[in-house]
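Colleague: Okay, here's what each chain looks like letter by letter:
2 protein chains.
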Amino acid sequence: MWVGRRVAELPTPAFVVDEAVARRNAERMLQRCGALGLRLRPHMKTHKTLEGGELMTGGTRRGIVVSTLAEARFFAAGGFDNILYAYPLPFDKLEECAALAQRLEAFQVLVDSRDALAQLRRRRLAHGARWLVWMKLDCGNGRAGLRHTDPSALELARAIAQEAPEEVALAGIYAHCGNTYGCSGVPEIQAVAQATTTAMLEFMGTLRAAGVACPASSVGSTPSCSHPVADMGRLTEVHPGNYIFCDLQQVTVGSCQLGDVAVRVLTRVVGHYPQRNQLLVDCGWAGLSLHGLGQLPTGYALVEGHPDLKLVALTQEHGHVEPAAGVLDFGKFPLGSLLALIPYHACATAAMHPVYYVHAEGTVVATWQPVRGW
Amino acid sequence: MWVGRRVAELPTPAFVVDEAVARRNAERMLQRCGALGLRLRPHMKTHKTLEGGELMTGGTRRGIVVSTLAEARFFAAGGFDNILYAYPLPFDKLEECAALAQRLEAFQVLVDSRDALAQLRRRRLAHGARWLVWMKLDCGNGRAGLRHTDPSALELARAIAQEAPEEVALAGIYAHCGNTYGCSGVPEIQAVAQATTTAMLEFMGTLRAAGVACPASSVGSTPSCSHPVADMGRLTEVHPGNYIFCDLQQVTVGSCQLGDVAVRVLTRVVGHYPQRNQLLVDCGWAGLSLHGLGQLPTGYALVEGHPDLKLVALTQEHGHVEPAAGVLDFGKFPLGSLLALIPYHACATAAMHPVYYVHAEGTVVATWQPVRGW
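Going line by line, the protein sequences match chains A and B.
For the first sequence, the tail end lands on 414 under our numbering, and the numbers increase by one without skipping.
For the second sequence, the tail end lands on 414 under our numbering, and the numbers increase by one without skipping.
Read the hints as simulated data drawn from the structure, not as lab findings.
Do not take every clue at face value.
Claimed, not checked - Derived contacts from chain A toward chain B, CB cut-off under 10 Å, selection only:
| no. | residue |
| --- | --- |
| 1 | Arg45 |
| 2 | Arg79 |
| 3 | Asp132 |
| 4 | Gln202 |
| 5 | Thr246 |
| 6 | Ala249 |
| 7 | Arg308 |
| 8 | Gly311 |
| 9 | Ala326 |
| 10 | Glu357 |
| 11 | Leu378 |
| 12 | His393 |
What the hints assert, rightly or not - If you want the footprint, here are the derived chain B segments under chain A, 3+ residues with CB under 8 Å:
| no. | stretch |
| --- | --- |
| 13 | 62-74 |
| 14 | 104-112 |
| 15 | 115-121 |
| 16 | 129-135 |
| 17 | 289-299 |
A quick note: this is a predicted structure, and the numbers were derived from the prediction, not measured.
Ideal placement from N, C-alpha and C gives every residue a C-beta, glycine not left out.
All chains, please: the whole structure from these sequences, using the hints.
Modeller: This is the structure:
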């Protein structure tokens, strides 16, 4: 019902995606990876939509990463395949993983423990299918994964590859360089990218020396894949995700420029409060998330075209906007007028919206429905 | 498919509601208001479900507050009536408000400006129906509303009541004492409740003296309505919302006890990382929200039964748990084992879940589907 109409007519708050910017972001990453001889296995967690996955895979619908089983089911039902569920194997979801592994050409899981491998072996696949297993390494990010220097990493990789080759196959090693989010600027990002890549290459060497065949290695994060180091070309693939949308966090870290941010939350002025020099807008944390808290000089977001405004407080459905200095000219912001918020964290903001309005130069061209839940 | 099964079998993260606790919370508030001679007009924004509304209205499905038009549509379609859309009239949603006003016995809107009143008058209702309008007062909360001492408050109330009585009726005055959330303990809560109530009563006196008939006055917030002051009995109604679930914020403020918190997020252990003395669990901010940040000694939530644990970090789908002190006994938390997180902010946590699993002593008895969007 909204296609063909102007985004300025949308009920607010509304999550809008500039299709041209998102497409350019997707194509640039494909080109960048192609130039390095790397496969791009884009992560779906930021947008969780079939249309976003289509753009990010260049139309192939093959070779993606997901963070939840709900995403895995959704993308599988939408015709995607070669899906890596890059999450420490959740034992409560083993049966559903088995069903996907039987049904898809390549549904792949991730483990970082012997217990998880034992779970897979207890749930043997039928019809000659094997579990396709990536091993998670922690190359400095400090979340999931075995440290690449930990002797148990080699032991686990060997067990995955060799313990029961008719049941389980080692598909690759996987590391998330989320520690790039602590960086400021390209040199710092590239230092983390280099350290992660070096760790992965060293571990691949360890595997070769130990006679453990491992066909793939994958690192990722939008910052590192936006500014790859040459050595990343010696890996087989990368798996960034946020880059299709980008956000102020990526701008702050140094992944991209403000013009690369494809998303906004449209909001309207719903109140004037001169006694406290504030506007209220109809976007609270329910439409934006709290992720901008304390991160930006402009408060929870940046009001596009108004760098002199601050979004200083959010409750569930209200945002408080005030000038950085001086007295607000309320006449410039009549009740009902539209503002566009550039979000700090696109993944978190997208997660608050049941529909995304995709536009070309301000005209809605599509609505995308993300999957939710687990 | 989950009814009849144990909550311990649910895929995680899972938002679970203890039906007995939620029902007791709902009944207590009805009794408390009844004892004061106050109508309870419960707010739906915390749970956004028909079932929650049924409990909170004592089965009448009459007399509720909503914060979004999506909630208004949803509850109207679910057989609710006497619905107050307690949000500064959003001009982009006027047509839909008019449709609800024509269809329901009593769909009510809220304004705090002459501009909003003018919008209503430009969209006159048909068939002799009148806009039922509440005027929002700011009695110290500092969000929407006119200050009760502001001469323009009386002017606006008079205009609503008298300017076009065949088109618009003044239904009442409304204040949200959200400033109770800055309180610590019952005396502070009651001081805010008293100040808000006194302001409302003074303004009702001003209206009477000015010959402006105003049939209703409503204040609310879960803290103030959990510990009402006697003067609140001189108002006509109250509109708390969070109390059906409660959360650690309410416990911290002093609204309730830990045993009154009806909700949990169930999560499972997905990783052991002895090198950093941490567990990973499968609930990140996507299942909990970031609202606990910096609010609790136990991190983003309280792990039920384990006050010695801290949920120290959240990414989208991962939570990092570590002991407050000492070395974690990983043997007590095997991979796949279940933990229950008590959330800091139930409204924010509920907003992350597409389904709530409602249980009686650990057996799922219902699933509730909240409405989302705007």
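Colleague: Of the numbered hints stated previously, which ones are contradicted by the structure, given in increasing order?
Modeller: Violated: hints 1, 2, 4, 5, 6, 13, 15 and 17.
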